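J.: So the protein sequences, as listed, match chains A, F and S.
Quick note on numbering: my numbering labels position 74 of the first sequence as 74, and the sequence is numbered without any gaps.
Converting from the second sequence to my numbering requires adding 1000 to each position, the first position being numbered 1.
Converting from the third sequence to my numbering requires adding 2000 to each position, the first position being numbered 1.
Heads up, a few of these hints could be off.
[Unchecked claim] Derived list of chain F stretches under chain A, where covered just means 3 residues or more per stretch with a C-beta under 8 Å from a C-beta of chain A:
1) 1190-1203
2) 1219-1230
3) 1266-1280
[Said to hold, decoys possible] To give an idea of the chain S side of the interface with chain A (calculated C-beta under 10 Å), a few residues:
4) GLY2035
5) ALA2190
6) GLN2233
To be clear, the hints were calculated from the coordinates, so they are not data collected in a lab.
Since the structure is predicted, the reported quantities are computational estimates derived from the model, not experimental observations.
For every residue, glycine included, the Cβ atom is placed at its ideal position computed from N, Cα and C.
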Amino acid sequence: MTRTTSPGSKTNPGRSFEDFRLGERIAHATPRSLGPGERALYIALTGSRFAVQSSHEFARSIGYASAPFDDLLVFHIVFGRSVPDISLNAVANLGYAEMKFGAAVHDGDSLTASSTVIGLKENSSRETGTVYVRTEGRNQRGETVLSFVRWVMVRKRDKGAPAPAAVVPQLAESSSLDLPSLLPTAIDLAGYDTTLAGSPHLWDDYEPGERIDHLDGMTIEESCHMTATRLYQNTAKVHFNQHAEKDGRFGRRIVYGGHVMSLARTLSFNGLANAFRIAAINAGRHVNPCFAGDTVYAWSEVKAKVELPGRGAGALRLRTIATKDRPCADFPAEGPEILLDLDYTVLMPRR
Amino acid sequence: MTRTTSPGSKTNPGRSFEDFRLGERIAHATPRSLGPGERALYIALTGSRFAVQSSHEFARSIGYASAPFDDLLVFHIVFGRSVPDISLNAVANLGYAEMKFGAAVHDGDSLTASSTVIGLKENSSRETGTVYVRTEGRNQRGETVLSFVRWVMVRKRDKGAPAPAAVVPQLAESSSLDLPSLLPTAIDLAGYDTTLAGSPHLWDDYEPGERIDHLDGMTIEESCHMTATRLYQNTAKVHFNQHAEKDGRFGRRIVYGGHVMSLARTLSFNGLANAFRIAAINAGRHVNPCFAGDTVYAWSEVKAKVELPGRGAGALRLRTIATKDRPCADFPAEGPEILLDLDYTVLMPRR
Amino acid sequence: MTRTTSPGSKTNPGRSFEDFRLGERIAHATPRSLGPGERALYIALTGSRFAVQSSHEFARSIGYASAPFDDLLVFHIVFGRSVPDISLNAVANLGYAEMKFGAAVHDGDSLTASSTVIGLKENSSRETGTVYVRTEGRNQRGETVLSFVRWVMVRKRDKGAPAPAAVVPQLAESSSLDLPSLLPTAIDLAGYDTTLAGSPHLWDDYEPGERIDHLDGMTIEESCHMTATRLYQNTAKVHFNQHAEKDGRFGRRIVYGGHVMSLARTLSFNGLANAFRIAAINAGRHVNPCFAGDTVYAWSEVKAKVELPGRGAGALRLRTIATKDRPCADFPAEGPEILLDLDYTVLMPRR
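Okay, chain A solo, but in the shape it has when bound:
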């Protein structure tokens, strides 16, 4: 007997708008352990130089048991889990909000992720809808390592299908900071060595309104962005399949927007070397698509300063903009060369 499965019977075709139910909790597949291999690859793919993540000795000097993983690596891993359930068929990644980093992730930790549908709204064309989810990543002890809201535009299978009542969640303009999870009591910044970290400029030295051109540029190759995106087990088809994308919207593969985030953060070392932890991402937009061959530049503006009494650190709210093929000496914020517009909060030691 030769029986042919109908397409999709055992494969995952991705969800259409109709497949999401308000309040539904989706446990994502592919649990993942992180270790020294992910650590080295993240450096090799981005060039990151932040001392806390680069050296176990440095991390121990401020009270970590070992070097934590880069916060954005944790984001990419958690985000990657959610793709097959949430955004495999997404027309667009519309935004992020309320992203808070929790327990630091260390070598040997195993992460899982789940998402809850917190909003649904059919678009006026009736061909697509916006899905809002809160996604959480947890370690093997059940501690939250990351929580964020994102919303994506998803196609409907059937334009005529009835839509649920529109529910759009109220989202905070900035993420609240959960200091105990960001800076457990073991962390003591008195031992923080600014020479080893690469800059004498501490929280006290930055002022709201200050702008910093991060100077350097990094060109993206197909192999580099695909290797990064595979490392995160992110399966979104547009990043990997040139045979299909040659007939797609842009005629070529699109770089995972998270890779641009990582490059912007890495470039920001030159000017923000002591921003040793990302506390929160308040909002983020991938303004224009990025392709292999593009050279990424970045600049940042200090939006606000937040005191975190008694812990030797303060928070800086930053806006970092990444561009393509466009140096940032004049701080460009608009136009087709803008790739990323990110509003996030970092921790930095105080004097």
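Guided by the hints, dock chains F and S onto chain A, whose structure is given.
T.: Chains F and S in isolation, oriented as in the chain A frame:
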């Protein structure tokens, strides 16, 4: 004194057909330890998502001490050891048979490999011969992690040289399954979580004759296949040297066939997510060469089901075909777009 | 208030010639832990096959606690630390001398680096000057893992600025060998297995004047050299920024010279498989720039043999030349195809 060594005096030019002796055992060089770096790189180069290999926690939940390495990574490492002695001058890799996976390989294990010449047959042209070897990989405790037969066409140094009496080994049509090494008594699939693994479809749900289009495609870049092949310390020249290959048979570098096997297996996750272990490879053919720029697609057919009483798992004998630049909705099996035709057996949990 | 920092106020624009002071010691930023990820990536990026670095079991068989890292990986890491302070604005890397490898580096070690300015000499044009530094890398126990002198040509900010009195250090023609750090008493080469190592040829078998063509070639891709150079956290702009380099001296990115060193050393396995440790680099020149697309070949000449009584090993002083797109059967030493001319000393077991 300036003395120039004659070519080959201290370098390995590779063996010609005349250099193989029936029954000879060749201990291969370059012992290799595997660890978290190889684990992460394998994911980064293929995008593999099988839960047992991805998460130590998941692996422990079914009785493994930690996540075992992907079976094909073990194959590539053992195969790579054998290249300098067996196939450096191979005109063609003709086939595989009787490939059985043994003891699982874990972080920190160190592998060595050896091959025994089990067949020799001069070809009618007298310019080449076929060499059959049985290759074994062992860990530091001497346990067999992999055993397989392969045969390659090797050039003769001297067409007129006398040939040994032809010996062609009898090869089993399918590999026998050694359940104790595949599933040690510690393994208990009762704890297997299909949600985390990514699919509800278990052994009971598959039927002989069933065909599955794995949907996704992965484009290969020169950097990606070379990095994978170097990771395996596979030194076959055709994969690495564009300066020489520009004047070679295809005018460019050839992708290591094993990389295509890994991509096909990775793509098969979409439809076969619970095939958590490769038990055996019964036969395999690299039907056409693969080059950078090709996009690999794959589909599978269930050839047979084998019960493995008392262990909560069953085996599926699969045929997986990989194509280039050719989606597989209509299950193509012939033509210039076929890259790989693999007959292998996987383990899958039962209800 | 919007305040824009003047360029360079918080970013590192790199030092000009005027910024170096004779005798100054510069502690470099970005401490770095090395582990199984760097180990696997180094193999994946170079294809290295030296047994001592490839297998913990093999390393233990001769007395190491575990496989040490490849000496050139240690060099790249230490060198990478020094780039932002020493050579970010270098017009040219002029040379290396007196490079000695010390304590072996193992998984989990954390390295830091510092440099001392040992010479300064304005060039006759008054537009540039030569800076000589001695750079040292240390592990977390303060042991020296590497020490070397390098000199670079650095631009002056202001042609008219007064120059310091010229001081050019006296550099030894060959690096002294510090046997206790190269071969601690725990190392016993009696257990060295030449079959596993890949060659029967030991120290006794090599003669001064002997030349070896290493036969194989490796083509470099943009992604591969950038990934290697990012792994080393080497931030020299010319390797990464195609947008800037398209208007630069060569119109494209330049491959980090150290990547060519690593490829030449890896290729030299074929003929020098038992050269299990680099003891010293006596001198080195990057003769011509290397670009993506180039295929690297290499050959070596034995310059001298040094006995190391009582330890079962001897030293070979080698000259290894790497070429691009030029096989080395006739041992080319001059011309535009020469990439690297390296004078270094390796250890090899004796009979």
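J.: Next step is simple, just say for each hint if it's right about the structure.
T.: Hint-by-hint comparison with the structure:
Counting residues of the segment 1190-1203 of chain F whose C-beta lies closer than 8 Å to any C-beta of chain A gives 6; at least three are required, and the coverage claim holds. Three residues within the 8 Å Cβ limit are the bar, and the segment 1219-1230 of chain F against chain A gives 6, so the coverage statement holds. Against chain A, the segment 1266-1280 of chain F contributes 4 residues with a C-beta closer than 8 Å to a partner C-beta. That satisfies the three-residue criterion, and the hint holds. For S/GLY2035, the suggested interface contact is upheld, since its CB lies about 4 Å from the closest CB of chain A, less than 10 Å.
Here the hint on S/ALA2190 is broken, as its CB sits about 32 Å from the closest CB of chain A, past 10 Å. Satisfaction of the interface hint for S/GLN2233 is found here, the shortest Cβ-Cβ separation to chain A being roughly 5 Å, below the 10 Å cut-off.
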